[in-house]
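Let the sequences and hints guide you as you build the complete structure.
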Amino acid sequence: MQKASTGPSGDRPSSSDLLCFSHLRWDFVTQRPQHLLSRFARERRVFYWEEPVYDTGEAWLDVSPRADGLTVVIPHLPWRDPEANDAAQRVLLDAFMDEQGIGAHVAWFYTPMALGFAGHLSPLATVYDCMDELSAFLYAPPELLEREAELLRRADLVFTGGPSLYEAKHGRHPSVHLFPSSIDTAHFGRARGLKDADPADQAGIAHPRIGFFGVLDERFDPELVRDIAAARPEWQLVLIGPVVKIDEDALPKAENIHYLGGKSYGELPEYLAGWDVAALFFAINESTRFISPTKTPEYLAAGRPVVSSPIVDVERTWARDAMVRIAADADAWVRAIESLLEMDGAEREAWLERVDRALARSSWDQTYHEMRALLDGAAEGREWDASADGVEQESGLAAAAGD
1 MQKASTGPSG DRPSSSDLLC FSHLRWDFVT QRPQHLLSRF ARERRVFYWE EPVYDTGEAW
61 LDVSPRADGL TVVIPHLPWR DPEANDAAQR VLLDAFMDEQ GIGAHVAWFY TPMALGFAGH
121 LSPLATVYDC MDELSAFLYA PPELLEREAE LLRRADLVFT GGPSLYEAKH GRHPSVHLFP
181 SSIDTAHFGR ARGLKDADPA DQAGIAHPRI GFFGVLDERF DPELVRDIAA ARPEWQLVLI
241 GPVVKIDEDA LPKAENIHYL GGKSYGELPE YLAGWDVAAL FFAINESTRF ISPTKTPEYL
301 AAGRPVVSSP IVDVERTWAR DAMVRIAADA DAWVRAIESL LEMDGAEREA WLERVDRALA
361 RSSWDQTYHE MRALLDGAAE GREWDASADG VEQESGLAAA AGD
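Take 1 as the starting number for the sequence shown in UniProt numbering and just add one per residue.
I should point out that these hints are in silico values taken from the structure, not numbers from a laboratory.
Take these hints with a grain of salt, some might be off.
[Claimed, not checked] Lysine-lysine pairs mimicking DSS-like chemistry, simulated, CA-CA at most 27 Å apart:
| no. | residue 1 | residue 2 |
| --- | --- | --- |
| 1 | Lys263 | Lys245 |
| 2 | Lys253 | Lys263 |
| 3 | Lys195 | Lys263 |
Put into structure tokens, the structure is as follows:
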């Protein structure tokens, strides 16, 4: 059986495996976990444990190794009560760790709900990467806030995906670090140089095009889209992304509203290249109170002028120097879009210079390296005995926390 190698004392944090527990599907849309964990997978084994799929039969694991060095693990469980499901996942997790030879490891949480089956682990370090206020989302489990309080007690490090989340969490843990959404500038910057490369399902749509990509869920504002489309029937609204948790029949329908479905991360620059304005069609409600949309810098890197609903983190970070226009209602949206469509060449060049200066301060590589340094520091005080069947001997922060 293969065992995780600890290496020399100073190398332990980088050589330890990383177990990530997430509420997001790896193959759904590319978000923060994919950007960060694919980088961690270059130096260590990374196992991405998703939320269960419920079907008939016995509990089992769908284990899918990926070319990027990461392994996706999907539990399949019979539909039972949450307590029984946690018990079943704990059995699956323990057997999986034994089978994979996972000894020294980092536990990385995107969802506090995973504590129900992974709370017995004794990792070198525990990370809570808080990218959303999950309790504000539709169908959030009632015990989520209690589980989050427990995760905050156990965690060595807490990362937050935006300023609003940082402000909400920093008083609840002694080591909270702000890591806003970063940007793969080269990937989305390709859109600036693409000419006449419209994908087939977008090529027949007239201009001007106002585009949006992302998940269409409770954060999306269908009424806003309906009102803008009605106010300017000559504008074409292009919406890219899957529909989740909301009724697809409730989405606005009009000749100038185009739903193109989900697209891969690699395809997005080609679609962006054909838009005149990019949009953040977000509703203002509890589910958007703490969001810091990754698509904001992605739109900007593509060289697309952007209009957004008044999302707090967008206003704070990107509305400076008019890099993003903020509009509170449909009338304001129409005025903002009109002003961007009328920008002349000199105005656009000046805007792009401001955008590029801001984007140069952030990248996923930089975020990864800063997180890794913090993680290495948090794990330095831990000891692990590889001879005892991979049983970790705790010291330092873990023992003090009573994990």
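inquiry  = Please verify whether Lys263 and Lys245 have alpha carbons no more than 27 Å apart.
reply    = 19 Å, holds
request  = Decide if the proposed pair is consistent with the structure: Lys253 and Lys263, CA atoms, cutoff 27 Å inclusive.
outcome  = Given that 27 Å is the threshold and the Cα spacing comes to 20 Å, the pair holds.
key: Restraint check for Lys195 with Lys263, where alpha carbons must lie at most 27 Å apart   = 20 Å, holds
Comparing the model with each earlier hint shows no violations; every hint is respected.
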